[in-house]
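**Q** Chain by chain, the residues run as shown.
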Amino acid sequence: MGLAKKGHKTAVIDFDVGLRNLDLIMGCERRVVYDFVNVINGEATLNQALIRDKNCNLLYILPASQTRDKDALSQEGVGKVLDELKKDFKYIVCDSPAGIEKGAHLAMYFADDAFVVTNPEVSSVRDSDRMLGILASKSRRAVDNEEPIKEYLLLTRYSPERVKLGEMLSVDDVQDILSLHLLGVIPESKSVLNASNSGTPVILDEKSDAGQAYADIVARYLGENRPHRFIDDKKGFFRNLFGSK
Amino acid sequence: MSIDSQKMPNSPLALEFKSSTFSVPVLVLCSEDLVVIEQQLKEKISLAPEFFRNSPLVLDMQEINKHGYDIDIAALTDIIHKAGLLPIGIRGGNIQQNKQALELLIPVYSIHSSSVSTETQKQKTITPTPEPTADIDTDVTTSTLITQPIRSGQRIYATGDLVILAQVSAGAEIMSEGNIHVYNTLRGRALAGVQGNTEARIFCFDLQAELISIAGNYKVSEDLDETVRNKPVQIYLQDQALIIKDIVQHHKNHSRNIR
Ligand SMILES: Nc1ncnc2c1ncn2[C@@H]1O[C@H](COP(=O)(O)OP(=O)(O)OP(=O)(O)O)[C@@H](O)[C@H]1O
Ligand SMILES: [Mg+2]
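In order, the protein sequences belong to chains A and B.
Counting from 1, position 94 in the first sequence corresponds to residue 139 in the working numbering; the numbering is continuous, with no gaps.
Counting from 1, position 133 in the second sequence corresponds to residue 693 in the working numbering; the numbering is continuous, with no gaps.
Hints may contain errors.
Straight-line alpha carbon distances no greater than 30 Å define the calculated BS3-like cross-link-like pairs of lysine-lysine that follow [as the list claims (entries may be wrong)]:
#, chain 1, residue 1, chain 2, residue 2
1, A, 131, A, 115
2, B, 602, B, 626
3, A, 54, A, 252
4, A, 183, B, 604
5, A, 209, B, 791
6, A, 132, A, 50
7, A, 183, B, 642
8, B, 604, B, 626
Which chain A residues face chain B? A few, computed with CB under 7 Å, are given here [as the list claims (entries may be wrong)]:
#, residue
9, 171
10, 174
11, 177
12, 178
13, 181
14, 185
15, 224
Hints are computed from structural coordinates only; laboratory data are not their basis.
No residue lacks a Cβ here, since even glycine has one placed at the ideal position from N, Cα and C.
Sequences are here, hints too, so could you generate the full structure?
**A** Structural data, given as structure tokens:
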């Protein structure tokens with residue numbers, strides 16, 4: 046959504062076959078006719094399956110199938126769909142399911158860039174490390190011995206207060222473990238829940254902290270230089286400044 | 561036949577021969593006692609079961625033949641299969657052993673050291689050399705350089721020295737028949753001298769390892785006390801004990817007083 050808002054024609058593919066929810070979050074679940082698996086099987090054309098976003102006409106969504114299992118996706122089929130999309134779209138975002146199984150493997154296999162989204166917890170960071178290992182060894186670029194996938198780190202559900210209390214890993218802790226370029230930090234925010242409940246991506250909520258964090262992240266990815274705004278505890282800073290507690 | 565070959569130019573290329581170099585563990589055998597071999601093989605594998613699972617293997621018969629031992633290749637292969645390893649070659653074998661290996665569909669490799677025995681030379685004449693050769697790189701003197709992080713779940717095996725410039729994550733495993741150098745943080749498992757080289761050492765910039773091992777002598781994270789953690793150390797074997805020492809040797813151990 047952020048990329049499309051910046052004027053780039055963008056497609057989002059949901060690779061979470063069987064557990065589709067991208068269309069829910071994007072608020073287009075009631076317009077799903079065909080899905081990703083239909084396109085791979087030749088039961089529908091891409092144009093029939095792609096759903097144009099109601100908020101932004103440069104954004105299209107290719108929903109996952111809810112009725113098939115993950116074996117319905119094949120590497121060859123996914124490659125074909127991506128090749129076709131490439132002709133028309135500037136960016137193709139593949140939303141990977143959690144885990145290291147087939148869906149995740151196919152979502153990352155053809156990637157040029159990868160965004161690893163992690164929570165500031167040891168187990169989540171460890172899983173991310175594992176995914177990075179797979180990106181570096183099992184992706185098409187790795188297999189064909191090409192220049193490796195560019196990897197970016199997104200740290201989400203971040204709460205500086207809880208970091209201070211020692212309940213959460215800090216940005217530095219996570220950076221230390223993963224040693225990866227940090228594209229942005231998304232604060233823990235009620236606005237995310239509101240957004241997903243109402244089916245409008247949080248980035249459209251320009252007043253929200255999480256929305257702003259995502260906007261910064263997109264801008265940074267596109268080459269803008271923006272300072273990180275959500276790493277430090279701003280509220281705490283002012284609280285301390287005014288001596289109230 | 562002739563019709564087929566006429567069709568050839570139109571059909572897409574179905575195969576291609578390429579030459580490439582692999583790193584494959586070599587099992588050097590020094591005993592003819594199959595029971596002992598089986599037992600020691602099991603012990604070695606138990607150190608890194610994940611690494612050895614379905615691992616290819618080249619059998620090295622040089623030591624056996626130097627001592628004039630006799631060993632049944634079929635029985636040996638059986639033991640190795642049972643241990644979950646897959647022999648993909650034999651080297652340094654005599655005529656009898658090589659013939660047995662070929663019957664088991666195990667290719668025969670020549671040793672590219674200067675000391676080629678007359679038997680193996682004779683062997684060459686009856687051994688079909690596959691063309692082009694997939695050269696199995698078992699040269700112990702080569703070292704492997706890695707500049708990318710080794711992530712959780714990744715495994716690296718080097719026949720010679722292993723030099724890593726990036727970090728080794730928790731849940732990663734690096735193994736070498738020689739020395740291991742990690743010029744970064746070592747959080748995973750590091751096993752040097754895995755073929756029994758007790759002279760092998762591990763060097764790392766920041767020791768936070770889950771396990772360190774030299775020639776099968778190991779320590780787990782719990783065994784590492786605070787004085788050796790989070791700093792540059794070297795690890796070596798002395799009288800079968802793992803010694804962990806600051807890389808920088810301070811005079812009269814003054815370094816301890818600073819902290
Ligand atoms: N910054 C945030 N603040 C508060 N809640 C959040 C934030 N980010 C995500 N969440 C909540 O976490 C839950 C999971 O988020 P999301 O679906 O993005 O995770 P995911 O990693 O894609 O999960 P899956 O692996 O199942 O695909 C959602 O219910 C969402 O509301
Ligand atoms: Mg998801």
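**Q** Each hint needs a verdict: does it hold in this structure or not?
**A** For each hint, the structure was consulted:
1. Proposed proximity of residue 131 (chain A) and residue 115 (chain A) is supported: the alpha carbons are some 23 Å apart, at most 30 Å.
2. A hinted pair counts as satisfied when its Cα atoms are at most 30 Å apart, and residue 602 (chain B) with residue 626 (chain B) qualifies at roughly 25 Å.
3. Simply put, residue 54 (chain A) and residue 252 (chain A) have alpha-carbon atoms about 25 Å apart, close enough for the 30 Å limit, and the pair holds.
4. The hinted pair formed by residue 183 (chain A) and residue 604 (chain B) meets the criterion: a straight-line CA distance of about 28 Å does not exceed 30 Å.
5. Distance hint between residue 209 (chain A) and residue 791 (chain B) is fulfilled; the C-alpha atoms sit about 26 Å from each other, no more than 30 Å.
6. With a C-alpha separation of about 20 Å, the suggested pairing of residue 132 (chain A) with residue 50 (chain A) holds against the 30 Å cut-off.
7. Of the supplied pair hints, the one linking residue 183 (chain A) and residue 642 (chain B) holds, its CA atoms being roughly 29 Å apart against a limit of 30 Å.
8. Taking the CA atoms of residue 604 (chain B) and residue 626 (chain B), the gap is about 24 Å. The hint holds against a cut of 30 Å.
9. The interface hint given for residue 171 (chain A) holds, since its Cβ lies 6 Å from the closest Cβ of chain B, which is under the 7 Å cut-off.
10. Restraint check, residue 174 (chain A) versus chain B: the minimum CB separation of about 4 Å is within 7 Å; hint holds.
11. A least Cβ separation of about 5 Å between residue 177 (chain A) and chain B falls short of the 7 Å threshold, and the interface hint therefore holds.
12. For residue 178 (chain A), the interface hint holds, the least distance from its beta-carbon to any beta-carbon of chain B being 3 Å, beneath 7 Å.
13. With its C-beta approaching chain B no nearer than about 6 Å, residue 181 (chain A) sits inside the 7 Å limit, and its interface hint holds.
14. Below 7 Å, beta-carbon pairs count as interface contacts, and residue 185 (chain A) has none with chain B, the closest being about 17 Å; its hint is therefore violated.
15. Evaluation of the residue 224 (chain A) hint against chain B yields a held restraint, the C-beta minimum of about 6 Å falling below 7 Å.
When each numbered hint is compared with the structure, a violation occurs for hint 14 only.
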